[in-house]
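Q: Place chain B on chain A using the hints.
Residue numbers (my numbering), protein chains in the order written: chain A, 1464 to 1598; chain B, 164 to 322.
Among the hints, erroneous ones may be present.
[What the hints assert, rightly or not] In silico DMTMM-like cross-links for lysine to aspartate or glutamate, where the CA-CA straight-line distance does not exceed 20 Å:
hint: 1; chain 1: A; residue 1: Lys1565; chain 2: B; residue 2: Asp239
hint: 2; chain 1: A; residue 1: Lys1565; chain 2: B; residue 2: Glu315
hint: 3; chain 1: A; residue 1: Lys1562; chain 2: B; residue 2: Asp243
hint: 4; chain 1: A; residue 1: Lys1562; chain 2: A; residue 2: Asp1483
hint: 5; chain 1: A; residue 1: Lys1543; chain 2: A; residue 2: Glu1555
hint: 6; chain 1: A; residue 1: Lys1543; chain 2: B; residue 2: Glu315
hint: 7; chain 1: A; residue 1: Lys1565; chain 2: B; residue 2: Glu280
hint: 8; chain 1: A; residue 1: Lys1565; chain 2: A; residue 2: Asp1483
hint: 9; chain 1: A; residue 1: Lys1568; chain 2: B; residue 2: Glu280
hint: 10; chain 1: A; residue 1: Lys1562; chain 2: B; residue 2: Asp233
hint: 11; chain 1: A; residue 1: Lys1595; chain 2: A; residue 2: Glu1583
hint: 12; chain 1: A; residue 1: Lys1565; chain 2: B; residue 2: Asp309
hint: 13; chain 1: A; residue 1: Lys1562; chain 2: A; residue 2: Asp1573
hint: 14; chain 1: A; residue 1: Lys1568; chain 2: B; residue 2: Asp314
hint: 15; chain 1: A; residue 1: Lys1568; chain 2: B; residue 2: Asp283
hint: 16; chain 1: A; residue 1: Lys1595; chain 2: A; residue 2: Asp1483
No lab work stands behind these hints: they were computed from the structure.
Bear in mind the structure is a predicted one, so any value in this text is a computation, not a measurement.
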Amino acid sequence: MFRKALIAATALVAVPALADTPELLLRGYAEQARTTSASYAGPSPAAGRRLFHQQPRDWSCATCHTDQPTATGRHAITGKAIGPLAPSANPERFRNPAKVEKWFKRNCSDTLGRPCTSAEKADLIAFLLDPKNGA
Amino acid sequence: MHTRSGIRRIDWIVWSLAAVFLAHAAVAAVPPAQAAEPAAYAEECGACHMAYPASLLRPAAWAVVLATLDRHFGVDASLDATARAAVARQLGVDPAVASAATATAAPRITQQGWFREEHDEVSAQLFRSPAVRSAANCNACHAGADRGQFDEHSVRIPR
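Just chain B, with the same shape it has in the complex:
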């Protein structure tokens, strides 16, 4: 009995050590590319414009955006395959789909039905005003836009 409990205690210690080792190994095993991924979208896309929250387009629409980066709304925004795959994963898009060639023009968030409906009381003139510049500049009126906050009550129209 004494021996059995001794073995059990050793077993317990061995299993604990193994668990701690495996936990560390799992953390260490995260490839550097994946570990850096949370920053990929903000870094690659946020360099030129607000990093639009992923929820503003469907994954299929994001896939078209990612497959047409070399002609991205009038500019070349191309990414190498690794960076594009990291951004794709962050936007909930299969990287293979995101790299497939497509002739379709990239979809505009501001042309989506829900966007037009939500902004039907906003004049084209206000969207073009110097303080706003364009309907794509969410931050001009929605201060929390880059954090995905579009609450109607926190809208501040710049004058």
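Chain A on its own, in the form it takes in the complex:
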């Protein structure tokens, strides 16, 4: 009985940790996108690349994160160093869902002037995880 309770408790503690990998965050955003559109085709690294370089206003993602997501970036205003965005170059990236949401909110607002959709977030993570992009 006690052992069963212990196993159950361990499972409860372990489950949230499973969500904290870039792959699972990507899957979560893709699932959200699918619930809003039945015709959603799934995450696209190519669309993520286009989004990364899209610059409708003052800045694109690449303005601070550079053209190469595995490289160290630089804040456009303050000049402070920004660790690489690609998880292959920076294992801390896309591990904390709240932190990921915080930065999507801020940075989509600063670059696109609007919130990103779940599909766009999935595309962007797919781009950052794509080995073809040096990630």
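A: Relative to the frame of chain A, chain B by itself:
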């Protein structure tokens, strides 16, 4: 007499154990959010710029900064309510005041009277030089700025 001192000894042991238990309980009772607070300001604000020492602005000015984070000197630096409250407490601001809507533009440390006075011999050209970038980049000349050290004798002007 013998019995009395025996009771006293038991009392003493019980009270000691209770004190140790309460001390542990008090430590354990610190909510995780509060325990993580010392890192909140450095984490949330220091990600983009030096975590300016709280003493550089008055609490009322920090409150305006915190209430206007979605338009923070040209960028969206918004925080969720929990993180903003943690940062507010660290800056000595009442979290309720820090979340109140305000139309006022965020005050700049570099526009404060004392800042202008302290830097009146520094040219605008030096502030804009590639090594300094802006007057907001305290670290360029004050190596201990992020630790609140602005001693005039330790100033090193980058060339």
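Q: Run every hint past the structure and note whether it holds.
A: We went through each hint and held it up to the structure:
{"no.": "1", "hint": "Lys1565(A) with Asp239(B)", "verdict": "holds, 10 Å"}
{"no.": "2", "hint": "Lys1565(A) with Glu315(B)", "verdict": "violated, 38 Å"}
{"no.": "3", "hint": "Lys1562(A) with Asp243(B)", "verdict": "holds, 10 Å"}
{"no.": "4", "hint": "Lys1562(A) with Asp1483(A)", "verdict": "holds, 11 Å"}
{"no.": "5", "hint": "Lys1543(A) with Glu1555(A)", "verdict": "holds, 18 Å"}
{"no.": "6", "hint": "Lys1543(A) with Glu315(B)", "verdict": "violated, 24 Å"}
{"no.": "7", "hint": "Lys1565(A) with Glu280(B)", "verdict": "violated, 37 Å"}
{"no.": "8", "hint": "Lys1565(A) with Asp1483(A)", "verdict": "holds, 15 Å"}
{"no.": "9", "hint": "Lys1568(A) with Glu280(B)", "verdict": "violated, 38 Å"}
{"no.": "10", "hint": "Lys1562(A) with Asp233(B)", "verdict": "holds, 16 Å"}
{"no.": "11", "hint": "Lys1595(A) with Glu1583(A)", "verdict": "holds, 19 Å"}
{"no.": "12", "hint": "Lys1565(A) with Asp309(B)", "verdict": "violated, 24 Å"}
{"no.": "13", "hint": "Lys1562(A) with Asp1573(A)", "verdict": "holds, 17 Å"}
{"no.": "14", "hint": "Lys1568(A) with Asp314(B)", "verdict": "violated, 39 Å"}
{"no.": "15", "hint": "Lys1568(A) with Asp283(B)", "verdict": "violated, 39 Å"}
{"no.": "16", "hint": "Lys1595(A) with Asp1483(A)", "verdict": "violated, 23 Å"}
Comparing the model with each earlier hint shows violations of hints 2, 6, 7, 9, 12, 14, 15 and 16; every other hint is respected.
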